[in-house]
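Just so you know, the sequences run in chain order X and C. Each step along the first sequence adds one to the number in our numbering, with nothing skipped, and position 58 is 58. Each step along the second sequence adds one to the number in our numbering, with nothing skipped, and position 37 is 37.
Do not rely on the hints blindly, as some may be mistaken.
The calculated lysine-lysine pairs, modelled on DSS-like cross-linking and capped at a C-alpha distance of 27 Å, are [claimed, not checked]:
id, chain 1, residue 1, chain 2, residue 2
1, C, Lys38, C, Lys16
2, X, Lys57, C, Lys3
3, X, Lys13, X, Lys57
4, C, Lys70, C, Lys3
5, C, Lys38, X, Lys57
6, C, Lys38, C, Lys3
Since the hints were made in silico from the structure, they are not lab data.
Residue-level listing of the chains:
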Amino acid sequence: KAGVTQTPRYLIKTRGQQVTLSCSPISGHRSVSWYQQTPGQGLQFLFEYFSETQRNKGNFPGRFSGRQFSNSRSEMNVSTLELGDSALYLCASSLAIYSEQGDEQYFGPGTRLTVT
Amino acid sequence: AQKVTQAQTEISVVEKEDVTLDCVYETRDTTYYLFWYKQPPSGELVFLIRRNSFDEQNEISGRYSWNFQKSTSSFNFTITASQVVDSAVYFCALTLSGGSYIPTFGRGTSLIVHP
Chain X
1 KAGVTQTPRY LIKTRGQQVT LSCSPISGHR SVSWYQQTPG QGLQFLFEYF
51 SETQRNKGNF PGRFSGRQFS NSRSEMNVST LELGDSALYL CASSLAIYSE
101 QGDEQYFGPG TRLTVT
Chain C
1 AQKVTQAQTE ISVVEKEDVT LDCVYETRDT TYYLFWYKQP PSGELVFLIR
51 RNSFDEQNEI SGRYSWNFQK STSSFNFTIT ASQVVDSAVY FCALTLSGGS
101 YIPTFGRGTS LIVHP
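Use the sequences and the hints to build the structure in full.
Put into structure tokens, the structure is as follows:
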């Protein structure tokens, strides 16, 4: 079974630009979550999508948004990039058959975003 | 609000030593889940274990073992006879049952195993 895939793996953008990151979950997984990982703040939850609906959202500004498609694939978008948005963005999927909060998550390799 | 503390930022050991990674959590909820994940240099977090708040049984899986103690709000992870391949950053995480699902991760402990 293929794991979680994320594209692109590396990205360099300039301040003020916008970026879209893509995540394909494990087949059959209905929940997709996004995280931002930085040396300073650690691993922070961005948002979670379940059946094309944003179910939960972390404490990030509105510049960070996402969506999920009917095939469970997800994208996240960051508009008006700032230097502080440089980070590893991780996507994780889980089975969530019963919307169980305790599902383990399976992570992708991440997208390394550098904002200059 | 919940909190997860991994006080050990970095641990360095020599191969075959035993090592324990500490995790202390805070929550007012009585039903919650605790996790450990491993992040090797490749960057991909790998799920290791899940424990719900009603199951305080310790667990052993090969060289890995976990000690969950509600009385001290700790969920510690021990690697016996460490190997170089164990070198990674290990994260402890907490999620609550029901309601808003926003997992809280600790800052991680970087384990370096020297040959």
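Are the Cα positions of Lys38 of chain C and Lys57 of chain X separated by 27 Å at most?
Judged against 27 Å, a Cα distance of about 24 Å means the pair holds.
Pair hint Lys13 of chain X and Lys57 of chain X, alpha-carbon separation not exceeding 27 Å:
25 Å, holds
Hinted pair Lys38 of chain C and Lys3 of chain C, Cα distance within 27 Å
19 Å, holds
Need the status of pair Lys38 of chain C, Lys16 of chain C: alpha-carbon distance at most 27 Å?
Holds, at about 19 Å.
Tell me if the straight-line CA distance from Lys57 of chain X to Lys3 of chain C falls inside 27 Å.
17 Å, holds
Please verify whether Lys70 of chain C and Lys3 of chain C have alpha carbons no more than 27 Å apart.
15 Å, holds
Violation of the numbered hints given earlier is absent; every hint is satisfied by the structure.
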